[in-house]
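Enquirer: Each chain is listed here by its residues.
2 protein chains.
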Amino acid sequence: MKEYIANYFLTAGECNPEGTIPVTLLANRVIETATMHANILGVGYSRLIEDGMAWVLSRLSIEMHRWPEVNKSYSLRTWIESYNRHFSERNFEITDDKGEVLGYARTIWMTINLQTRQGGQLNGLEKLAEVVSDRPCLMDKCPRFTAIDPESAKSGDYTFRYTDCDFNRHVNTVRYMELLLNQWTLDFHDAHRVRRFDIAFMRESYFGENVKVLAAETAPNAFRCEIVGNEGPCVRSAISYTEI
Amino acid sequence: MKEYIANYFLTAGECNPEGTIPVTLLANRVIETATMHANILGVGYSRLIEDGMAWVLSRLSIEMHRWPEVNKSYSLRTWIESYNRHFSERNFEITDDKGEVLGYARTIWMTINLQTRQGGQLNGLEKLAEVVSDRPCLMDKCPRFTAIDPESAKSGDYTFRYTDCDFNRHVNTVRYMELLLNQWTLDFHDAHRVRRFDIAFMRESYFGENVKVLAAETAPNAFRCEIVGNEGPCVRSAISYTEI
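Chains as they are written, first to last, in this note's numbering: chain A, 1 to 244; chain B, 1 to 244.
Hint data in this document are derived by calculation from the structure and do not stem from the laboratory.
All values reported here derive from a predicted model rather than from experimental measurement.
Keep in mind that a hint or two might mislead.
In this list, chains with the same sequence are indistinguishable; a pair is considered to hold if it fits within one copy or across any two.
[To be verified] DSBU-like mimics (lysine-lysine), calculated; alpha carbons at most 30 Å apart, straight line:
hint: 1; residue 1: Lys-72; residue 2: Lys-98
hint: 2; residue 1: Lys-154; residue 2: Lys-72
hint: 3; residue 1: Lys-212; residue 2: Lys-72
hint: 4; residue 1: Lys-2; residue 2: Lys-154
hint: 5; residue 1: Lys-98; residue 2: Lys-127
hint: 6; residue 1: Lys-154; residue 2: Lys-98
hint: 7; residue 1: Lys-212; residue 2: Lys-127
hint: 8; residue 1: Lys-212; residue 2: Lys-2
hint: 9; residue 1: Lys-212; residue 2: Lys-98
hint: 10; residue 1: Lys-72; residue 2: Lys-2
hint: 11; residue 1: Lys-154; residue 2: Lys-127
hint: 12; residue 1: Lys-154; residue 2: Lys-212
hint: 13; residue 1: Lys-141; residue 2: Lys-154
hint: 14; residue 1: Lys-72; residue 2: Lys-141
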């Protein structure tokens, strides 16, 4: 099964104050859909844990020209663009209840050894070659990020707490994204939509770690962001907004 | 349809550090299941909005002797225990993939007028009488909370930010719950399970509001909690843990 499609309904209780799907919920849907497809393909959690390995999301990019709205159905279609023994590129197309494309997402997944927390090799998964798809994903790949100049950035502080941590006992993907989105006010979010969100996960953060959150405007409504702990950056990110 | 049943699968990505469903995700499932059933019964969002009204969760109690675990299916069954023109009592039974009961939840929903943000009357919903169910919900009702003595409580501070706010443009239910759970460390949560979580929503909080979070131990591993803003308490709560 080269593609997997999941259908969802956006309830009011799930919406952001603007009445659309939060970027973070869409990120969770991306992760969930990827998990389901990997399970069906026999390369999911239960297969990797046999070798003491797990999938870790390394990069995530979402680009939407319209966001799913309250009380509407939406779908995610996912497929594998490429894989090798170190990582896998998995793409997504997001459509509305009429099948119209709302946007795309790209992810890069790495396997880590759960004991050493280091990258590991994916062996015995040659059958994945059969499900690689050449379906186009009409958005640019996640850029490579260099460090931003702290002097040019506004910054905030945060200490990670219990509900920021997940099954892997590190800070959860969407918590970093929330921390970034929280650098802007409700008024700003009411007047802008996220057009594109890129995030690269560089290092695990843990319970109790204190971090700085940096955001620097590099072009009108385009920001480079970073979350930096004692031992260097945890995530680097780019967020671009459009005015509405 | 007196009862509505929803089936879920708990992915690794959704789990807490202990490998079970977070209390907050179960709370979201409760809200989601209630929403779906109300929609089916014709008393959901789209019906109430015709009268400028909306459902608001007033009280939530969850009592579990076991929590759904990673990579397992679980189900929520919901039914209406009672209703009148001011509020509705809706209960839930949570079962595992073998149909064994893991615990229960109770909710009280009120209708508010979206303009005035005051409680309103539910008219024209007499047909709900036909779907009231006498299925037993084997847990006590949510207690009435009195104020706790700030002197006897440990306390923390928090300022509500963008991602804490939801479609109703106030702070989201589960954000209050997270704020309460975050009064304990990861180590504490590793050594304890939530046995029962009661929460009463007393007043809306908004973006930018600064609150104090109080937690006072009233018996071994039993706590009374409160989130208090400038204009009084937003939520009052009781959390009891069991050691594992």
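Enquirer: Starting from the hint list further up, note which numbers the structure goes against and sort them upward.
Expert: 2, 3, 4, 5, 6, 7, 8, 9 and 11
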